[in-house]
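Undergrad: If you want the building blocks of each chain, they are given just below.
Protein chains: 2
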Amino acid sequence: MSLVVVGTVAFDEIETPFGKAERIVGGAATYASLAASYFASDIQVVSVVGDDFPTPVLEDMKNRGINLDGLQVKEGEKSFFWAGRYHDNMNKRDTLDTQLNVLADFDPVLPDSYKNAEFVMLGNLTPSVQMRVIEQLETRPKLIAMDTMNFWMDIAMEELKAVIAKIDMLIINDEEARQLSGEYSLVNAAEKIMAMGPKTLAIKKGEHGALLFQGDEIFFAPALPLAEVFDPTGAGDTFAGGMMGYIAKTGDTSFENLKRAIIYGSAMASFCVEKFGIERMTELDETAIRERLQRFVNLVRFDV
Amino acid sequence: MSLVVVGTVAFDEIETPFGKAERIVGGAATYASLAASYFASDIQVVSVVGDDFPTPVLEDMKNRGINLDGLQVKEGEKSFFWAGRYHDNMNKRDTLDTQLNVLADFDPVLPDSYKNAEFVMLGNLTPSVQMRVIEQLETRPKLIAMDTMNFWMDIAMEELKAVIAKIDMLIINDEEARQLSGEYSLVNAAEKIMAMGPKTLAIKKGEHGALLFQGDEIFFAPALPLAEVFDPTGAGDTFAGGMMGYIAKTGDTSFENLKRAIIYGSAMASFCVEKFGIERMTELDETAIRERLQRFVNLVRFDV
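Each protein sequence line maps, in turn, to chains A and B. Letter by letter, the first sequence follows residues 290 to 593 of this note's numbering. Letter by letter, the second sequence follows residues 290 to 593 of this note's numbering.
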């Protein structure tokens with residue numbers, strides 16, 4: 290089934306203790322659509338780039354079955370650029386530079402072929418842009434998921450809440466869940482956030498895994514303990530993309546299937562951090578993914 | 290099978306955002322032996338108290354099948370006392386006061402009936418005291434586990450490493466594992482620590498669960514997401530006690546059984562934090578424990 294992925298397609302400059310990568314391809318929609326492409330066959334990207342964005346990367350995405358009809362290419366303008374530096378333990382990062390460029394006045398336009406998508410993933414963007422996407426949908430999707438960040442809670446909480454009220458699943462990290470709800474306990478935070486609209490909440494905890502809430506149900510997806518995290522950039526988008534790709538493939542929005550989906554997302558994220566940028570996400574195959582999933586099974590399998 | 294539990298039996302003064310408890314019963318051996326008593330039938334405590342320690346508490350422990358022949362009662366002296374205050378999020382605490390009292394010159398003496406115990410849990414104490422216990426054992430136990438803390442790494446690393454070299458399972462938290470190994474990644478830390486002697490390593494991550502390492506095997510035990518943590522004091526000792534109690538009950542030191550044991554430990558710890566001090570640990574029954582274990586099963590059960 291079709292999956293619309295909305296988000297940035299951009300350049301990143303990344304410094305980690307392992308080295309520096311200058312001006313490499315990144316962006317939430319890039320990571321999410323690549324991750325989803327291993328599962329779903331009909332992925333439809335909504336984004337914007339400048340004319341500086343490398344055509345071969347876009348061609349490669351198309352070859353993976355990713356539809357870029359909704360990707361605007363702005364002549365004479367530059368793509369979104371983010372530069373960041375990770376601390377030694379990879380859990381914190383400093384933003385060194387943000388150049389909005391084409392993103393400054395991004396008006397998402399859904400091609401007609403996107404307007405009846407069964408699944409929608411709204412990557413982290415201005416809430417008004419996320420809302421504009423929802424408004425263009427002609428039929429209500431089976432599931433709309435969205436990501437956001439603290440920044441929008443600081444400067445546009447009301448607009449953000451208006452979008453949150455319209456979606457089915459919010460995918461945010463623990464700090465964001467705490468800020469959005471005003472609750473420290475993630476159990477209490479989840480209750481308040483689900484009361485804002487979304488039936489389901491996924492809370493990402495980085496190296497500590499992720500929690501999935503729906504009604505009174507709680508599921509915990511572990512993160513794979515890794516000897517080295519090479520570059521965490523895009524792990525959250527890859528997690529969301531893998532999760533939504535699996536849901537779109539199966540067309541099944543039951544809680545049992547969302548549990549499977551969050552494990553798929555966690556597995557894809559565990560690959561993402563193994564190399565700089567999107568590199569690892571372009572070289573996977575079914576066998577590697579199957580083996581990785583089995584490691585997740587083994588990690589938490591017990592009988593009492 | 291018999292389980293020797295070595296550690297403090299003491300008084301705590303605890304401040305949390307929920308209130309203050311003055312001079313309540315605590316101590317690593319108290320929490321660990323209470324947790325173990327729900328599983329193992331022959332628990333043998335090695336500790337020391339002053340004559341200020343309440344006899345009814347000791348009688349209650351005896352009634353639970355906990356052998357206190359190895360508990361020294363020092364006439365005219367005071368029991369170990371610790372006072373601490375938890376921060377709002379319960380993840381950090383400040384030590385406000387530590388009065389060693391009887392612990393200052395504690396010389397553990399194992400009754401003859403303890404010297405052939407199949408299982409030993411060395412709670413966090415001066416490494417030389419932990420070593421003195423090992424030296425008094427007449428037969429090599431099936432499994433010796435130990436806890437320790439950063440403090441001993443700071444002031445007695447060599448003595449500590451000498452004890453670690455003699456044990457089978459180290460149970461410490463993530464910060465301690467990082468300090469002991471000099472590695473940030475817990476996977477790398479585990480490899481270095483197991484090279485110091487212990488075949489098995491359990492790393493406690495508080496609200497983020499626990500990892501169990503043995504050779505190339507990794508198992509992850511989740512923590513139960515809780516709406517409120519009332520008092521985290523003793524959770525780590527309860528975790529270790531529950532784990533060792535289950536191992537002693539089953540007599541099975543296979544990795545498969547250690548996985549079950551760490552889930553039992555996690556379940557007991559999830560009870561411990563629900564009330565101040567040892568209160569919750571004195572009122573459990575098999576039904577409550579069985580239901581709690583089922584919540585752990587549900588929390589991580591999925592099929593892919």
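It is worth saying that the hints were derived from the structure and are not from the lab. Hints are supplied without guarantee of correctness; some may be wrong.
Pairs count within a copy or across copies, as identical chains cannot be separated in the list.
Unchecked claim - Cut-off 25 Å, straight-line C-alpha distance, at most; resulting in silico cross-link-like pairs (BS3-like, lysine-lysine):
hint, residue 1, residue 2
1, Lys-381, Lys-488
2, Lys-548, Lys-494
3, Lys-548, Lys-431
4, Lys-381, Lys-494
5, Lys-431, Lys-367
6, Lys-548, Lys-538
7, Lys-455, Lys-363
8, Lys-494, Lys-404
9, Lys-455, Lys-481
10, Lys-538, Lys-431
11, Lys-548, Lys-481
Undergrad: Does each hint hold? Answer for all of them.
TA: Hints, verified against the model:
Taking the shortest Cα distances, Lys-381 and Lys-488 never come within 25 Å of each other, neither inside one copy (30 Å) nor across copies (33 Å). Taking the shortest alpha-carbon separations for Lys-548 and Lys-494, both the intra-copy value of 16 Å and the inter-copy value of 23 Å come in at or below 25 Å. When the C-alpha separation of Lys-548 and Lys-431 is checked against a cutoff of 25 Å, the pair qualifies only within one copy, where the shortest distance is 17 Å, while the shortest distance between copies is 39 Å. Both within a single protomer and between protomers do Lys-381 and Lys-494 lie at most 25 Å apart by alpha-carbon distance, with minima of 12 Å and 18 Å respectively.
In this homomeric assembly, Lys-431 and Lys-367 never come within 25 Å of each other (Cα to Cα): the closest approach is 35 Å inside a single copy and 67 Å across copies. Proximity of Lys-548 to Lys-538 under the C-alpha cut-off of 25 Å is restricted to the intra-copy arrangement: shortest distance 14 Å within a copy versus 34 Å between copies. Taking the closest pair of Cα atoms, Lys-455 and Lys-363 never come within 25 Å of each other, the shortest separation being 30 Å inside a single copy and 67 Å across copies. In this assembly of identical chains, Lys-494 and Lys-404 lie within 25 Å of each other by CA distance neither inside one copy nor across copies; the values are 33 Å within and 45 Å between.
Only within a single protomer do Lys-455 and Lys-481 lie at most 25 Å apart by alpha-carbon distance; the minimum there is 15 Å, versus 50 Å between protomers. In the homo-oligomer, the alpha carbons of Lys-538 and Lys-431 lie at most 25 Å apart inside one protomer (13 Å), although the nearest pairing across protomers, at 50 Å, exceeds that limit. Taking identical chains as interchangeable, the C-alpha atoms of Lys-548 and Lys-481 lie at most 25 Å apart only when both belong to the same chain, with a minimum of 21 Å there against 34 Å between chains.
Hint check: violations occur at hints 1, 5, 7, 8; the rest are consistent with the structure.
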